[in-house]
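Protein chains in written order, with this note's numbering: chain Y, 148 to 778; chain X, 322 to 640; chain C, 263 to 364; chain Z, 3 to 179.
Keep in mind the hints are simulated off the structure, nothing from the lab.
Don't take every hint at face value.
Unchecked claim - Distance windows between CB atoms, simulated:
{"#": "1", "chain 1": "Y", "residue 1": "V736", "chain 2": "Z", "residue 2": "I104", "range": "39 to 45 angstroms"}
{"#": "2", "chain 1": "Z", "residue 1": "S114", "chain 2": "Y", "residue 2": "S771", "range": "17 to 23 angstroms"}
{"#": "3", "chain 1": "Z", "residue 1": "T137", "chain 2": "Y", "residue 2": "T752", "range": "43 to 49 angstroms"}
Said to hold, decoys possible - Here are the computed lysine-lysine pairs in the DSSO-like style, where the Cα-Cα straight-line distance is at most 30 angstroms:
{"#": "4", "chain 1": "Y", "residue 1": "K756", "chain 2": "C", "residue 2": "K352"}
{"#": "5", "chain 1": "X", "residue 1": "K498", "chain 2": "Z", "residue 2": "K129"}
{"#": "6", "chain 1": "Y", "residue 1": "K309", "chain 2": "Y", "residue 2": "K172"}
{"#": "7", "chain 1": "X", "residue 1": "K492", "chain 2": "Z", "residue 2": "K129"}
{"#": "8", "chain 1": "Y", "residue 1": "K695", "chain 2": "Y", "residue 2": "K594"}
{"#": "9", "chain 1": "Y", "residue 1": "K594", "chain 2": "Y", "residue 2": "K727"}
{"#": "10", "chain 1": "Y", "residue 1": "K695", "chain 2": "Y", "residue 2": "K514"}
{"#": "11", "chain 1": "Y", "residue 1": "K514", "chain 2": "Y", "residue 2": "K319"}
{"#": "12", "chain 1": "Y", "residue 1": "K756", "chain 2": "C", "residue 2": "K350"}
{"#": "13", "chain 1": "X", "residue 1": "K380", "chain 2": "X", "residue 2": "K454"}
{"#": "14", "chain 1": "Z", "residue 1": "K124", "chain 2": "X", "residue 2": "K454"}
{"#": "15", "chain 1": "Z", "residue 1": "K87", "chain 2": "X", "residue 2": "K394"}
{"#": "16", "chain 1": "Z", "residue 1": "K129", "chain 2": "X", "residue 2": "K635"}
{"#": "17", "chain 1": "Z", "residue 1": "K129", "chain 2": "Y", "residue 2": "K756"}
{"#": "18", "chain 1": "Z", "residue 1": "K87", "chain 2": "C", "residue 2": "K350"}
{"#": "19", "chain 1": "Y", "residue 1": "K520", "chain 2": "Y", "residue 2": "K594"}
{"#": "20", "chain 1": "Z", "residue 1": "K84", "chain 2": "Y", "residue 2": "K756"}
{"#": "21", "chain 1": "C", "residue 1": "K352", "chain 2": "X", "residue 2": "K454"}
{"#": "22", "chain 1": "X", "residue 1": "K492", "chain 2": "Z", "residue 2": "K124"}
{"#": "23", "chain 1": "C", "residue 1": "K352", "chain 2": "Z", "residue 2": "K84"}
{"#": "24", "chain 1": "C", "residue 1": "K350", "chain 2": "Z", "residue 2": "K124"}
{"#": "25", "chain 1": "C", "residue 1": "K352", "chain 2": "X", "residue 2": "K394"}
Note that the structure is predicted; figures quoted are calculated from it, not measured.
Ideal placement from N, C-alpha and C gives every residue a C-beta, glycine not left out.
One-letter residues, chain by chain:
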Amino acid sequence: MYDFLWLVPTLPFLGFLILALFGKKLGKTLSAFVGVGSIGISALITILIGIRFLSSPPEGDAFVQTLWTWIAVDRFNVNIALHLDALSLVFTFVITFVGFWIHLYSVEYMADDESFSRFFAYMNLFVGAMLLLVLGDNLLLLYLGWEGVGLCSYLLIGFWYKDSANGYAARKAFIVTRVGDAAMAIGLFLLFYSFGTLNIQEILTQAPQTWSVGNNLAVIATLLLLGGAVGKSAQLPLQVWLPDAMAGPTPTSALIHAATMVTAGVYLIARMHGIYELAPVSMFVVAIVGAATLLIAGFAGLTQVDIKRVLAYSTISQIGYMFLALGVGAWSAAIFHFMIHAFFKALLFLGAGAIILAQHHEQNMFKMGGLAKALPVTFWTFLIGSGSLAALPLVTAGFYSKDAIIWFAWSAEGGNIYLWAAAVFGAFITGFYTFRMVFVTFFGQQKIDVSHFPKWTIHVPLIVLAFFALFGGFIELPGTMGHFTLFSDFLKSALPAMEEVAHENVSLEYFSQILTAVLALVSVYLAYVLYLKKPQIVTNFTDTGFGKGLQQFFLSGLGFDWLYERLFIRPYVWIARTNKRDFIDLFYVFLPWMSRQFHYAFSYTQSGKVRRYILGIALGAVVSITIVVIL
Amino acid sequence: MSDTLYYLLIIVGVLVVMLTIAALLIWYERRMLALWQDRYGPNRVGPFGLMQVMADMVKIFFKEDWIAPFADKWVFIFAPTIIVVAVLLGFAVVPFAPGIVVADMNIGLLYFLAMSSLGAYSILLGGISSNNKYSLLGSLRGAAQVISYEVFMGISLMGVVILSDSFSLVKIVEAQKNMWFVIPQFIGFVIFFIAGVAETHRAPFDLPEAESELVAGFHSEYSGMKFGMFFVGEYLGITLISAMIATFFFGGWLGPSFLPPVVWFFIKTFAFITLFILLRASLPRPRYDQLMSLGWKILLPLSLVNLLVTAAIKLAIGG
Amino acid sequence: MSSISLNTGLVIASILFFLGFLGVMIRRNILFMLISVEIMLNAAGLAFIFAGASHNAPDGQVMFIFILTMAAAEVAVGLALLIQVYQKFKTLDSDAASNMRG
Amino acid sequence: MTILFYIAAIIAIISTIMVITRTNVIHALLYMVVSLLATAVMFFLIGAPFIAALEIMIYAGAITVLFVFVVMMLNLGEEAVKQEKQWLSFSGWIFPAFLSLILLLEVIFIISSSGSVPISGKVIDPKLVGQSLFTTYLIGVELSAILLLAGIIGAYHLARRKKKVVHRFLELEGAEE
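Excised from the complex, chain Y in its bound form (with noise of 0.2 angstroms):
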């Protein structure tokens, strides 16, 4: 089974390949056949694979699959080759499975549309990308897949480019990835600069080795790595092009958001957890990163109106769990929520997608209402999906995983009581804005008239997510609820695990979970005092002077586009126009000129006249002849 590995990544690849040089004669069934089918078979065999792993692991725990020698100049020596252990083959399973739901999802909600196949096209590319980086087995693959995954956001962004906001978001969100990437290729030079590979395996295991803890180069490695990880994930200071990326068509952001590109920060991290683990400087780093982003984007997210950017800036914020798991070094937690945010955040852009599709692709939900009986199934998945989100106790998935981080950023070796209490009221936060969401949309008033009711194309992959969003969590359980360890101890062999740490306390540990499940509940209550039953109170506080700036603050995502534009992007367009003519210019500007002065003086030689070509032939014989006779 594991010999069908390489069909993961190359049967999206040849969906595009598909797609791309044939998609306009195919036409919109078979396309969506293609695009659909390749994921499908993809997750199938991904599925196939993880039984297979379960039941009996590989030799070592990881699978390696050598297709063919890539590059080969004298040390350098890069494979293309697959590496399947526990870690990856979450994230392919993740990846192609919530990224079948999210294609099968797109063929209703792009059937109007008459880029159809290009658009499955650059799905399927992006899913093939993605699925090369977590599946490389050397960095420098996992680089060609992460620049993959960047283009491939950039198309699907500017995917209707035919509105210049929308190439402008598509930009956006390629350069800021760019600043992050260059810095993650500077990391991967000094990397090979001091192992001489980039063989992932060959680097976790000869750090330890080479460095010891607290290493400088570890550090600065890590943190340029870091880089690149905040710059795919949207964490800070890279997060601003997340929510602008919702220009793309819904389904991307979907696949964005849940099972591609924003993770692959943090499966970089956890990737290199071993130079990690020799830095705890970066750790800490990593854990600030994290608990700052959550914080900021949670407060952004509280006053945004539009659907989309709500869920955007809730995913900051669920990135920002996972990267504050990963500081603190808890690993497996960190996976865990990915996972179940996957699940969820999938599900959450799905609905909203249906919710768009059913007015009039109107994204301003303070312009909706009461869509809960118009739309039965979306609001009832919404609504698990907002439950994992808010992380209601018990019965959602979301719960347990965020659970785990806020445990464990107090409990963890590298956690402390400030990002435990950032984490917790983050989780506040979160649901607050899901549920000031969910009320504003779904009930009150009906507003604009349902233009679109959704089939089973989209009902099924809602009910699918839902269904995880809801259970997923159950497969790890905390020390105080029966103490279920199958995710962390599947995971085990690829990642550290914790536990042994984390769980000396245990009144602590209840505590915490109390905490933050009231909290939960407290702030679901609170959403509806505000935003259903009393919005009085909100329109009030935002008619005065501060809260109309608070809310203006905050609904820019905390000034960090108009820090920028202030920052870097007006000095830097103020430095390249007065220095429009340096003296690098100069020589560009010369060359041509000196290219025209000898095309003038050559169109002058060329007279038309048969004698004057054949005595410049002479004078060139005779120069020629001359040399070789002196010589």
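Given the coordinates of chain Y, assemble chains X, C and Z onto it according to the supplied hints.
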């Protein structure tokens, strides 16, 4: 030294004999034409009008040697000599009999072709130096005709070369001991004969000098001895072509031994000269485009096919 | 038999060649230029023949035949062009056909 | 033999000089023929009689005749000669002549700096040439055939007079404009 003397003798002998024959041919042609056209021909000067040649010679020698003032003088003078020289040089390779040959070159056949192609200059230069539109037209025709017919004249002889395995005329003659090449190379013979008529621009292919259209064509402006040169050149050409036909296709000097080889050779040659004259007496002149299309569209392909078939048979037999 | 050497032959060939070359350079008349080109080709063939003769090999003559072929084709096309030029410009001045200069 | 060879060479060179300096095309062509005949004599003397015959047949007999033919077709008069005289000015040829001379001297220097091989003058049979042509150089022969075909087609196409399809009245109107 005696060898050199022998060669000198042959050279002088050939020159004298050929020039004499050429002169006599003038009388011979007129007599033959008259015979076929039921009239007397020259019959007043000497027995059978034989001295008519001498009379003509005297006339030509004493006529004013006039050069048209608008002509290109040196070329005008030079032109008539070319044909005489070229044809006389052509006789150098003709094997009159075993041992009686000026130069038995191993490329004799090619040499003959080269010389006959040089003959074309005579017409060309004569016409162009005359600065006369009829002459110009005549020499245009002549040049085109000679170039065109030269092509397959050479090709038609290649069959002979294949059969005899040599370019040398002596060897070609010797190769015909058992069978004259006219039998296996009948097509080649016909083509060569037609091309020969055209090469010497004799009637019916006398378009360069067609009296009725171009008032004597390229030599309109010529008179006196220079005209005589053209005249003699033409008869020399006929003799050369006839000799060549005899050599290539009719076994040259070969023949029953009751007559010496030289006599056989001259008999054969005279037979073809007579055939030339008979052609003039009997055939009308074709149009210029007919001449050209005959050459390019019929004779050239035919000669190529002949060459191809001959070569193929030779290969198949394995000679 | 004779004291002709390869060098003598090559010198003769190069003299002829450069005379042809000079002809191409100094003549304005396309006809003369073509004639000069023929001289050059012939000189090149001459050099080949000398080289072949110095080795007693037929290759030089083969090369000459190829040059001959080329010369024939070149003359045919060249003269056809010349006629066209003459019909178009009413002159054989090679400078007249310089319309396509840059 | 050697003397004959040098005489032929000198004749060839002198007549070639005459070719490039004549103002009358016909005279130039006549000198060209003389030069070619002299060359043919050289060929004959150094053991290439086959090529000598070809030289006369094709260069002198066909190519040069073609030139003469074209000259006749163009029918250039006295004015062409005058024109040539005008074109052949001293200042026009002195520099190219200087260049050619330098080139020639350099080439002669190069030639003479290498060891010389005497030419035996042994006759190379046409048969040998033919065998060489149709074995070693077979591809060359085929290519020559294609070249000649291309030459024929090219010459035919180029020399064809473009037929004017405009009606004569229309042409008149055009002329008035």
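Going through the hints against the structure:
1. Y:V736 x Z:I104: 39 to 45 angstroms: Holds - the Cβ-Cβ distance for Y:V736 and Z:I104, about 42 angstroms, lies within 39 to 45 angstroms.
2. Z:S114 x Y:S771: 17 to 23 angstroms: Since the Cβ atoms of Z:S114 and Y:S771 sit about 19 angstroms apart, the hinted range of 17 to 23 angstroms holds.
3. Z:T137 x Y:T752: 43 to 49 angstroms: Roughly 47 angstroms apart at Cβ, these two residues keep to the hinted range, so it holds.
4. Y:K756 x C:K352: holds (17 angstroms)
5. X:K498 x Z:K129: At roughly 23 angstroms apart (the allowed maximum being 30 angstroms), Z:K129 and X:K498 satisfy the hint.
6. Y:K309 x Y:K172: holds (23 angstroms)
7. X:K492 x Z:K129: holds (15 angstroms)
8. Y:K695 x Y:K594: holds (25 angstroms)
9. Y:K594 x Y:K727: violated (54 angstroms)
10. Y:K695 x Y:K514: Measuring from Cα to Cα gives roughly 20 angstroms; hence the hint holds.
11. Y:K514 x Y:K319: holds (28 angstroms)
12. Y:K756 x C:K350: It holds: about 17 angstroms lies between the C-alpha atoms, which stays within 30 angstroms.
13. X:K380 x X:K454: Measuring from Cα to Cα gives roughly 28 angstroms; hence the hint holds.
14. Z:K124 x X:K454: Status violated; Cα separation ~49 angstroms.
15. Z:K87 x X:K394: holds (19 angstroms)
16. Z:K129 x X:K635: Given that 30 angstroms is the threshold and the Cα spacing comes to 16 angstroms, the pair holds.
17. Z:K129 x Y:K756: violated (46 angstroms)
18. Z:K87 x C:K350: holds (23 angstroms)
19. Y:K520 x Y:K594: Roughly 13 angstroms separates the two Cα atoms, so the pair holds.
20. Z:K84 x Y:K756: holds (21 angstroms)
21. C:K352 x X:K454: holds (20 angstroms)
22. X:K492 x Z:K124: holds (21 angstroms)
23. C:K352 x Z:K84: holds (16 angstroms)
24. C:K350 x Z:K124: Cα-Cα ~51 angstroms, so violated.
25. C:K352 x X:K394: Distance of about 27 angstroms is within 30 angstroms: holds.
Violated hints, listed in ascending order, are 9, 14, 17 and 24; each of the other numbered hints is respected by the structure.
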